[in-house]
Amino acid sequence: MTSPTQQTLEVPVADGEGERYSLRMGPQHPATHGVLRVDLELDGETIIECKPQVGYLHRGFEKLAENRTYAQALILTDRLDYIAAMANNVGYCLAVEKLLGISVPLRAKYIRTLVCEMSRLCSHLLWLATHALDIGAMTVFLYCFREREILLDLFEELCGARLTFSYPRIGGVRQDVTSHFINELQRFLDIFPSKIEEYETLIDTNRIWLKRTVGVGKLSGEEALALGLTGACLRGSGVDYDLRKHQPYDAYDQVEFEVPLGSDGDIYARYRCRMEEMHQSARIIQQCIDQLPPGPIIGPDAPDLVMPNKIPARIEADSSAYGTGLIRLIRDRTPYLTGDVYLATEVPKGELGFYFISDGNNRPYRMHIRSPSFIHIGALAAIAKGELIADLIANIGSLDVVLGESDR
Amino acid sequence: MEQVAITERMRAEFPDEILSSYSNQGQTAVIVRPGRIVEMLRWLRDSDDLRMNHLRSLCGVDNARRKDPGLSRFEVVYNLYSIPLRHEIRLRAEVGDKDPAIDSVVGLWCGADWLERETYDLMGIRFNNHPDLRRVLLPEDWVGHPLRKEYPLKGKVEWAGMTELLEQVKELDKFGFDPEGHAHGQAGPDQEEEE
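Chains A and B, in that order, are what the protein sequence lines are. Residue numbers are given in this note's numbering: position 361 of the first sequence equals residue 361, and the series is strictly consecutive. Residue numbers are given in this note's numbering: position 24 of the second sequence equals residue 432, and the series is strictly consecutive.
Among the hints, a few may not be true.
Straight-line alpha carbon distances no greater than 25 Å define the calculated DSS-like cross-link-like pairs of lysine-lysine that follow [to be verified]: (1) K385/A - K51/A; (2) K218/A - K385/A; (3) K63/A - K211/A; (4) K475/B - K564/B; (5) K475/B - K506/B; (6) K578/B - K63/A; (7) K63/A - K564/B; (8) K51/A - K218/A; (9) K63/A - K562/B; (10) K557/B - K506/B; (11) K245/A - K506/B; (12) K582/B - K63/A; (13) K211/A - K195/A.
Covered by chain A, according to a simulated footprint, are these stretches of chain B (three or more residues, beta-carbon under 8 Å) [stated by the list, open to error]: (14) 411 to 418; (15) 459 to 470; (16) 484 to 491; (17) 520 to 534; (18) 552 to 566.
Simulated from the structure, these hints should not be mistaken for lab results. Being a predicted model, the structure only gives us computed values, none of them experimental. Quick reminder that beta carbons are idealized off the backbone N, C-alpha and C, glycines included.
Isolated chain A (complex conformation):
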């Protein structure tokens, strides 16, 4: 049975002035990595104008955060970049710690660095999987998900969640790592470098892959910078900007790693950057495991929920104790420092910044999230113009956007 909507579809007919037509790609298109819509003006297969449209996933996090306490607003950051939620959590916690002057124990810093890099691996694996799938390489997709699964299992063991962790806390982390977790992670690290080589043998010199990526979506360093690109997209164009080196946070100044740089600024350069970053992430995780110092995992002045480590054991199971804990959280009257702070962290997608204003209240007066995906999608119009529509797909994949973070 044909549905009436099918009958009313207009077929674009070539008129005398050439084959110019407009096309709406998305928001349900599989290659737009979520609910991204791209309005295209096409001349044959060449893009004359490209207008990305976002907002389908807008949940008003900045407004919501103004109405929640600092500890409560943490869970919103899970829903930004849900592929690497841990990195968002850490970015948020670091910003609040700087704003309110809260100190973090060294062990917690190491654990956070470790989980951040695990998060980066997760994100880069998913990026490689879907980016390769968009261009037509199916096997890489399955291989990447295989390794990502191990990491998600490890996260599950660490904090009970696979995607939305809320594991870091303002002033530390929620709970300590177990020796079993460390052992399993070590086993993963032992096999992982060989797995990266496996992906590389599949696509690194693959003729189709090279045809689709080399020289496509080219950006010079100045162009990328003016467009506001950060992360591997900027480093692929040869600009040395990595916040882990520029403004080290947590334990990044205690570990050794290199920042891979590209020179050509095309999709292949960005691909190589991210592949090298995976090697470096594995290196950082290894150092964190080796150097992990003993000590507490949460600071004494953390304005947190009343966590089990603060409730006496004998009333731990008493629901009223948890009840008062929540009431205390909502009626938190601790005087906080006032002022404003901008703190950025290097998340897998780029520079994630939090701009906070505190007026001494227990809720942020204003929280602005500088999300790399939003800026990258904004830059898509300039990158895709004049290129072929097939390259648009490769470009979206290469910019590595996630719509939860873009729309906030």
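Please arrange chain B on chain A, whose structure you already have, making use of the hints.
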């Protein structure tokens, strides 16, 4: 360069534009008048000893309920960073209550395009000379600017487009589209919150 030294340089270059400056947690911010903001940012970007080539963030703030005295109703905050010289500075441009507007910096950083659209969308600050100032996150027919302090967290009425949408669903139902029957026929795969 030290952030305080950058502030001093700015004071010498634009004496009439700087209202005040302060440091908080090792970060220095300069409160400025909005009139010559593009000129000021261009100078910060192009001066040989400053080279603030990375616009980290641009956002609007509603000062209606802020306790600090002497602030205008709105402000636009620019966080700048110099990648070659590794220093940063924050500029807070004070914008008035009546028809808040400030000059656009898209000419300096084309990436500011969407950041300014977002500020216009959520805070209602207009950017003069912006090439394409439309809403970006909210629907084009949205009324109000949610990040303003007087905007409620939860509205009293349904979004105007909702009734239209429900009517469209009714229209489609006439053609025999049966969502429930469809759902019984085949169970969809488990949705994962990815991609």
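Which numbered hints fail
Per hint list: 3, 4, 6, 11, 12, 14 violated.
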